[in-house]
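Chains as they are written, first to last, in the numbering used here: chain A, 45 to 112; chain B, 45 to 112; chain C, 45 to 112; chain D, 45 to 112; chain E, 45 to 112; chain F, 45 to 112.
Fair warning: there could be bad hints in the mix.
[Claimed, not checked] Computed cross-link-like contacts, DSSO-like style, restricted to lysine-lysine with a CA-CA straight-line distance of at most 30 Å: (1) D:Lys-56 / A:Lys-62; (2) B:Lys-94 / A:Lys-54; (3) C:Lys-62 / A:Lys-46; (4) C:Lys-56 / D:Lys-46; (5) C:Lys-94 / B:Lys-62; (6) D:Lys-94 / D:Lys-54; (7) F:Lys-56 / B:Lys-46; (8) F:Lys-54 / F:Lys-94; (9) D:Lys-46 / E:Lys-94.
Derived from the structure by calculation, the hints contain no laboratory data.
The chain contents come next:
6 protein chains.
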Amino acid sequence: MKISARNVLKGKVVDIAKGATTAHVRIDIGGAIVTASITNESVDDLGLVKGMTASAVIKSSDVMVAVE
Amino acid sequence: MKISARNVLKGKVVDIAKGATTAHVRIDIGGAIVTASITNESVDDLGLVKGMTASAVIKSSDVMVAVE
Amino acid sequence: MKISARNVLKGKVVDIAKGATTAHVRIDIGGAIVTASITNESVDDLGLVKGMTASAVIKSSDVMVAVE
Amino acid sequence: MKISARNVLKGKVVDIAKGATTAHVRIDIGGAIVTASITNESVDDLGLVKGMTASAVIKSSDVMVAVE
Amino acid sequence: MKISARNVLKGKVVDIAKGATTAHVRIDIGGAIVTASITNESVDDLGLVKGMTASAVIKSSDVMVAVE
Amino acid sequence: MKISARNVLKGKVVDIAKGATTAHVRIDIGGAIVTASITNESVDDLGLVKGMTASAVIKSSDVMVAVE
Numbered sequence: 045m046k047i048s049a050r051n052v053l054k055g056k057v058v059d060i061a062k063g064a065t066t067a068h069v070r071i072d073i074g075g076a077i078v079t080a081s082i083t084n085e086s087v088d089d090l091g092l093v094k095g096m097t098a099s100a101v102i103k104s105s106d107v108m109v110a111v112e
Numbered sequence: 045m046k047i048s049a050r051n052v053l054k055g056k057v058v059d060i061a062k063g064a065t066t067a068h069v070r071i072d073i074g075g076a077i078v079t080a081s082i083t084n085e086s087v088d089d090l091g092l093v094k095g096m097t098a099s100a101v102i103k104s105s106d107v108m109v110a111v112e
Numbered sequence: 045m046k047i048s049a050r051n052v053l054k055g056k057v058v059d060i061a062k063g064a065t066t067a068h069v070r071i072d073i074g075g076a077i078v079t080a081s082i083t084n085e086s087v088d089d090l091g092l093v094k095g096m097t098a099s100a101v102i103k104s105s106d107v108m109v110a111v112e
Numbered sequence: 045m046k047i048s049a050r051n052v053l054k055g056k057v058v059d060i061a062k063g064a065t066t067a068h069v070r071i072d073i074g075g076a077i078v079t080a081s082i083t084n085e086s087v088d089d090l091g092l093v094k095g096m097t098a099s100a101v102i103k104s105s106d107v108m109v110a111v112e
Numbered sequence: 045m046k047i048s049a050r051n052v053l054k055g056k057v058v059d060i061a062k063g064a065t066t067a068h069v070r071i072d073i074g075g076a077i078v079t080a081s082i083t084n085e086s087v088d089d090l091g092l093v094k095g096m097t098a099s100a101v102i103k104s105s106d107v108m109v110a111v112e
Numbered sequence: 045m046k047i048s049a050r051n052v053l054k055g056k057v058v059d060i061a062k063g064a065t066t067a068h069v070r071i072d073i074g075g076a077i078v079t080a081s082i083t084n085e086s087v088d089d090l091g092l093v094k095g096m097t098a099s100a101v102i103k104s105s106d107v108m109v110a111v112e
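Use the sequences and the hints to build the structure in full.
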């Protein structure tokens, strides 16, 4: 599958915290950690475990820009 | 200002393409390029120019996870 | 690639309207038409053309519910 | 009320799973199941129950496109 | 139609700027101006014009919090 | 930090409800209450407490328009 989302940041899963319905998955993309808030069901479906190679996928319309 | 968004990826603006109302801003976050789709107005407001230091800011509920 | 997004609605591309930076792609998922607002760049990258098989992909946190 | 969101997919509620604050509602839109991640409060407010007619509402900027 | 989105901020349309495919609609919600980025098509469909009563509708998962 | 998000609605935190991983924060922006669904972690990180001054921040591409 190839997706229209412009941002596919490859890394390694470093943490998975499941809640009642929503899980937080942390991916180390090399220098930075990206947190994804996804369903518990998705975690199971993708078979996500710590240490696994995974990508953070983000649609460009969901990216903001900040300056200091 | 401190924001709740979990993902603030610092980098450098490498490209700005303005459309009629929407602009695409590319930020090199070190190894990876993140594309942000924001309003032209925001580009002007933040005074974004190529080479400038800027961060890509993403709410964790907008991050998906993909595996191969 | 397998993605965490819970909603992958398979169909056929019935219309592509490119703007200055943003394109609107319509996919007939069988009975209903889904409109996706994506970058022109994504349209080119995926090689989208009318009549092509494609899926509308939506993260569950982006789906609202309405009743009458 | 008439809304700007381009995608209003009518169907029937087939499952409601409440978590601590977030609920997952599944709507059968005729052939495909759409999952919505909404607040528990919204579930109560709309009086959602299994078997009820309801629509999945999605803004076009939240729809991605994927090809195989 | 009743929607799950928690935030429905009633106001008056004060500006509409159409681009090639995307329009920016500004709604004065009483003291603050909210900008919505929607399709040109939605503007036409809703018959939006300056001075009209309209609401800004926002899903709670799309709201961030900032402090100074 | 200055952010591209067009909508920064200043107000006062009137309620914080933490779930297993996701919290709902209500901000009174003067006449209207805005609900934000953010991570528990963000609540702690920003030190959010009732009565505190805080802003609801929303990207314009996440704002829809509704008319009656």
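Hint check:
1. D:Lys-56 / A:Lys-62: holds (28 Å)
2. B:Lys-94 / A:Lys-54: Distance ~25 Å between Lys-94 (chain B) and Lys-54 (chain A) Cα, so the pair holds.
3. C:Lys-62 / A:Lys-46: holds (20 Å)
4. C:Lys-56 / D:Lys-46: Holds - the C-alpha atoms of Lys-46 (chain D) and Lys-56 (chain C) are around 27 Å apart, at most 30 Å.
5. C:Lys-94 / B:Lys-62: Answer holds: Lys-94 (chain C) to Lys-62 (chain B) is near 27 Å, not above 30 Å.
6. D:Lys-94 / D:Lys-54: holds (14 Å)
7. F:Lys-56 / B:Lys-46: holds (15 Å)
8. F:Lys-54 / F:Lys-94: holds (14 Å)
9. D:Lys-46 / E:Lys-94: holds (17 Å)
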